[in-house]
Every structure is written in C-alpha cells, then in structure tokens.
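K.L.:
Residue numbers (my numbering), protein chains in the order written: chain A, 1011 to 1293; chain B, 391 to 639.
These aren't lab readings, by the way, just hints derived from the structure by calculation.
Please note: incorrect hints may appear among the correct ones.
Some chain B residues flagged as far from chain A (calculated, every beta-carbon gap over 10 angstroms) [claimed, not checked]:
1) Ile543
2) Pro557
3) Ala572
Mimicking DSS-like on lysine-lysine, the simulated pairs with C-alpha atoms at most 25 angstroms apart in a straight line are [stated by the list, open to error]:
4) A:Lys1092 / A:Lys1109
5) B:Lys630 / A:Lys1048
6) A:Lys1157 / A:Lys1204
7) B:Lys630 / A:Lys1123
From a predicted model like this one, the values you see are computed outputs, not experimental measurements.
The beta-carbon is built from N, C-alpha and C at its ideal position, and this holds for glycine as well.
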Amino acid sequence: MGKPIEPLEDPVTMMTRALPANPVIEVQGLTHDYANVKNSVRALEDISFSVPEGSFVSVVGPSGCGKSTLLQILAGLMPASKGDVLVDNKVINSPQPSKIAIVFQDANLLPWKNAAENVEFPLEIQGVPQAERAKLAHEMLELVGLKDFVSHYPSQLSGGMRQRVSIARGLAQDPRIILMDEPFGALDEQSRTKMGQELLRIWTKTGKTILLITHSISEALFLSDQVLVLSARPGRIVDRLDVPFPRPRSFDIIGSAEFGALRNRIWNQLNTDDAMGQGLEGI
Amino acid sequence: MSIALKRSLLIWAAILLLWEMLSRLGVLSSVILPAPSMIFDAAKSSAGEFMEGIQITLYEVLIATAIAVALGTSLGALLGASGLGAKASAPILAALFAVPLITWYPLFMTWFGLGSASKIAYGVVSGVFPIAIGTIDGVSGVDGQRIVFGRSIGCSRAQLFTRIILPLALPSIITGMRIGIALCVIGVIVAEMLSSLGGVGYLISYHRTMFNTGHVYFSILIAITFAYGVNRLLTFVERKFSAWRDTDT
C-alpha cells in the first residue's frame, strides 16, 4: 500500500495485486488515436485496469487526459484503436444498456418527461413492460431519496436532484457497472459533498460496481476503493493506489494526515506529468 | 366584461363613428376610404362571393402549408443531422430566403397555370425556407451528450431521432413554422392578387379594378384576419412547446 504499482505488464505485480472478486470490467492495453488527414493525436495510451465486482474505482486526471474518450470506449460507443474492454469476460464493441449505464456530468434528463418518466425511458427503449418499469422507477427514485418528486419535471428540480434522477435512471437499467463521468462537476461544493455521501449510501445499498471519472482528487479518495491516476495527453495510467480508509467513511478522514499524504502523492504524480494548472482541483 | 375590454371596445366604437361621420360629410372620399357602413354593405351584398373566395384561399393555404411543413422539416432534419450538411446548406438557404421570390412568380404561372396549383406552389416556396432553417438549427443544436446518452441506452438510429433529437429540436422547428406558415398565407394571397381565378387576393385585385372600394376593404379585412388568426394560433403553439427550451437539464 502506498507505493506506486507498476504497470500491469509486470507479471509479478499482477499476481500480488490480488483482486477480491472477479472483475466486472477489464480493460486491456487500450490505446486510442484520433486521426485526420494530416496527423494523428494520441488520446489514450496503453490503459489497462480492472474493476472488481462491487467495488468503487475512480479515475483522476487533468483536463485533456482523454477521459471522455475513455468513457465512450468503455461504454462501447466508440471502438478503440487498440486494446479491448471486457465486461464479464465478453468484449464490448457496441452499447450494452443492460451491462453498462452512464451517469453524465449534466444530468442529461429529457425536459419533457417527469422524473419517473425519465427513469423509465431506458427501460422503455429496452421494451420492458409499462407496469414493471413504472414500479422500478418508483423504487429507484425512492432509493435516491426522491420519493416525493416522481412527477416533477427537470426544470422543477435542483441540480443535485436532477443528478439523483440520473443516478436512479442508471440504477433502473440494472447494469453490471455504472460509469460516472464527472457526475457532480456542475454542482456547487456543498451539494457536491452531499451528493458524494449520498452516492456512497446508494452504492452500499445496491452493491453496484462503480467507475467514477473525476477531476477532484479529494472526491476520488473519499469515495473509492481504488484510484487510478491518468496523465495529460496522451492519457496514461501513471499511478494506481488502494485507498486504505475503512468504511463507512466520515468526513473526518479528509483532514487526516494519511488522506493528506495520499492527496499529495496524486497531486505530485499529476504535477510531474506537467499536468499542473490544467483544470485540476486540488481540494 | 373586464374594464380593459370595455375601454378598448369604446375606443373602437368611437373610431368607427368618427370614420363614418367624416365619410358621410364628404371629408373622406369614399373611393379612397369608404365608410364602415359601405364596407359592411359590400360584405352583405356579395356574401356568397366572399365565402367562395375564403374557401379557395383556405384550401390553397392549407395545402401549401402542409407541403411546406413536410418539405421544410424533412429537408431540415436531413441537413441538420449531418453536421457538414447544416454548415454547407445554411448560407445557401438563407440566401434563397432573402431573394425576392415574387420575381419567380411568372415562371410558376407558366409551370402550374392560372389556377390553384401556382398559388400553392408559390405559397410553398414562400414558407419552406424558414421552416427548413428552423429545423436545421434545432436538429444541429442538440447537445452531443444527449446523443451519447441515447446511444448508451441502446436507441436505434430511428429512436434516437424520434425520441430524443426531434423533441429537443421541436421549439426551434415550431419557431420556423410560425414564420414559414405566416409567409405561406401571405404568399398565397399575393399570388392570387397577381393573376388568378379566385380567392381573397383575387377579390382584392378584381374589385380594385372595378372601383368597388368597399369590397376591396372587406377583402383586405379577411386577409388580415387570416394572417392574424394563423399568427395567434402558432404563437400559442410555440409558447406551449418552448416551455422547456430554456430549462437547463
């Protein structure tokens, strides 16, 4: 614990990094180049990691670390130039709504649908019968604490509430893994902190596997079992660390020396990579 | 009856009364501005003729609107969905829209004849561009994240379009339709005035040559009512659909 783990190619580290359960998602040597007529830009380079069942893993990186590229490849929305993404040992090369749900930075709700209808929408596309999806939508909204807001429209909800609807929508798909793309990035700090706690509560209750992409080092450390640190262009994994704090976690850990040490370590990883000042939040 | 309504009715009554008096006293020439009573008489004496005119215009407007909306939205959706298409076509459409279309009307007559077809065709070209432009704007303006979301939940291309893109583009499409349909109405009436066999525009131009100023004014009144009615209806629809346009989700 605490010292950087070598890249996965090293067979020894692969052995020593015993995963608690079988990985839900496994990423192998992901490299992606954006090519146009004149030149090609490498967005991601040799990304490999796996997320064990039921765990909470975060990817931290500066702006321009290719996180949206990574997200789209993980979700099967875009093929990678090289490498594979496996969910339950099956290669992902097209969108898999029953396996992967995405929670976006902007809640991405449909404004003409109320909270319940928004949660139902992916199920409707999947052809789930009306009664069943209505029941599920109510359950999920209750789970995220919006029992009294099922008939509210997005415009009647606060930013944090919209994001909860979006999380409920992701959960309702009953996916194997939830990908979260900077889900609280648009919220003010107080709501952001509250939503972090809320997310932990929901995660504990559902036991879902979560992969969170974020700018915020503290958010990643507070929430996750494991943090992957991505460098700026091209995005490479420069560090992976297991977060030692026992659960349930309280805010007190944020002030602890250990937390500070881990935060500094990540901060330095990003710094040495010349990623400083590229939209990184140190708090 | 509200006070505001009472007041506006009173004002209108006063204006009509003054107008009638000035006309009867010979201050206003009845050829230039006939008295309200003359306009009313014209409407009464030629009620059948006016009814027929309204029917013809209504028929032409409805068909022209249907074609303009169908053509404009499908053209706009097609161009708007391809990013490059939207960029390439927007200036061309805007330029076409800016050209005085009336210069083309003689050609429409040669192609479609003196009857309703040329009025409908002219109405369509008058209205189709704003509708197409509104649709292009709406469709190409849909946030890419919505499309990523749609694909991630397994929407087919058709579902992506009908369930996500089109509803999001609707406010912009309806704004285009409000302008386009109003221009459609104007186009049809103008075309009728130039040369035709019937319709409200035809009545305006026919009675003008006969110096039946009362008839001319009543026809104009009908045309205004048409345009006003259409505009009110579409503004109402627009307001209803634009409720979510500004909400940030």
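K.L.:
If a hint holds in the structure, say so; if it does not, say that too.
P.N.:
Each hint tested on the structure:
At roughly 4 angstroms from the closest C-beta of chain A, the C-beta of isoleucine 543 of chain B falls inside 10 angstroms, breaking its exclusion from the interface. Against chain A, the non-interface label of proline 557 of chain B is violated: not every CB pair exceeds 10 angstroms, the least being about 6 angstroms. Residue placement check: alanine 572 of chain B keeps its beta carbon more than 10 angstroms from all beta carbons of chain A (closest about 26 angstroms). Note on lysine 1092 of chain A and lysine 1109 of chain A: the hinted pairing holds, with a Cα-Cα distance of about 22 angstroms set against a maximum of 25 angstroms.
With a C-alpha separation of about 48 angstroms, the suggested pair lysine 630 of chain B and lysine 1048 of chain A falls outside the 25 angstroms cut-off, and the hint is violated. Restraint check for lysine 1157 of chain A and lysine 1204 of chain A: the C-alpha separation of about 18 angstroms stays at or below 25 angstroms, so the hint holds. As the CA atoms of lysine 630 of chain B and lysine 1123 of chain A are separated by approximately 15 angstroms, the hinted pair is consistent with the 25 angstroms bound.
The structure shown violates the earlier hints numbered 1, 2 and 5.
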